[in-house]
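Heads up, the sequence shown is in full-length UniProt numbering, so the first residue is 1 and it goes up one at a time.
Keep in mind the hints are simulated off the structure, nothing from the lab. From a predicted model like this one, the values you see are computed outputs, not experimental measurements. Where a beta carbon is used, it is the ideal one built from N, C-alpha and C, also for glycine.
Derived Cβ-Cβ restraints for the label pairs, each shown as a range:
1. S70 to S203: 40 to 50 Å
2. A274 to T84: 57 to 67 Å
3. R110 to A41: 39 to 49 Å
4. D79 to T216: 42 to 52 Å
5. G288 to A118: 22 to 32 Å
6. R116 to T289: 21 to 31 Å
7. T132 to S70: 29 to 39 Å
8. A37 to D214: 52 to 62 Å
9. G192 to T289: 11 to 21 Å
10. V34 to M114: 56 to 66 Å
11. M114 to D79: 27 to 37 Å
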Amino acid sequence: MSTEPRVRSTPADARAAFRERAERRRFQRTWLTVVAALAVAAAALGVASVTQGPRLSSAAFNAGAAVERSGQRLVLQADQPLVTVDADAVTVEPEAPVELSSEGARLTVRFTGMLRYATEYRVRVAVRSAATGAESRLDYRFATPDVATFSLVRHHPGDGGTDRIVRHSLSGDTADATMLEAPRIQEYVPVGEAIAAVVLDESDVPSLVLVAPDGTPTPVSVPPARGIRALGLASGGDLLGYLVEGEVTAGTATLYVLDLTDASWVPFEVRGPAQTPLAALDWTFVPGTTSSSSRRSTSSFTSSTPSPARRRLPSDSTPSCAASCPARCGLSWPTPTAERSSTSPTARRRS
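All chains, please: the whole structure from these sequences, using the hints.
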């Protein structure tokens, strides 16, 4: 028999024990509720993953090229493999003819014609998952760009006016803007949204200028010349060519090419075989290349390709613009659509 005295519990001890048991029961209920909620959520997600159809994870398309040439491809990437999709499962708004091919989770929509300028398109494709059989619709929107066109507006002789090169919006959404204004503009060629132009002064001395989209002109270095003509642009948009007639020659000219991506921004002379001087009557860039073809006489042609060994103009012919670099002159050259071409029938019209 224990001789230790019994410790009597006080009312405060009883209340503390009661609170502890109550808190333990609340914790157990909360823990069970959380576990049950997570289990329900996991089950719901599992059901959703089985019943939810494929979704679009990425898309690739060149909207700018689609307004210039046919055959452009829109690549749609789904988040899971797809059952083979028929061509009639594709809808395009506004309507445009397409062809469809599928492989795994990738769909390729090929536009067989050119698309409209400054238009928003919507492409929808009805698809079905190869894993679960769930159906859905891939939805993709894109907008084609507007296109700038140019025209040479000449003044009437004797009225004291000036010639102007005007930029127009093909869609008509943007107001016309004067890119260049001069007493006499001999010819021009579009360089994306910019232009290159030959301007004559009061003494008929020619000069070549590049005009940025914001209207900022930058002179291009040329040797002393009695004429500059036949402006042309390579397909890639980074080479500008032109013929320069020397002050003491007539009829024939020397071909120069300006690399718009070169930091020096100094033109170089195009020469014939073995670096022989090339006197050209006319010339053009070979479509799709940076090579040029020059006509030396009525039956003689020469083909040339730019190379690192370029005979550049003397350094004292460099224009005053800092470093003669498009970036420092505030110029930016978008990629054009064709070589030596203009969207206006007045291009390359001489004074």
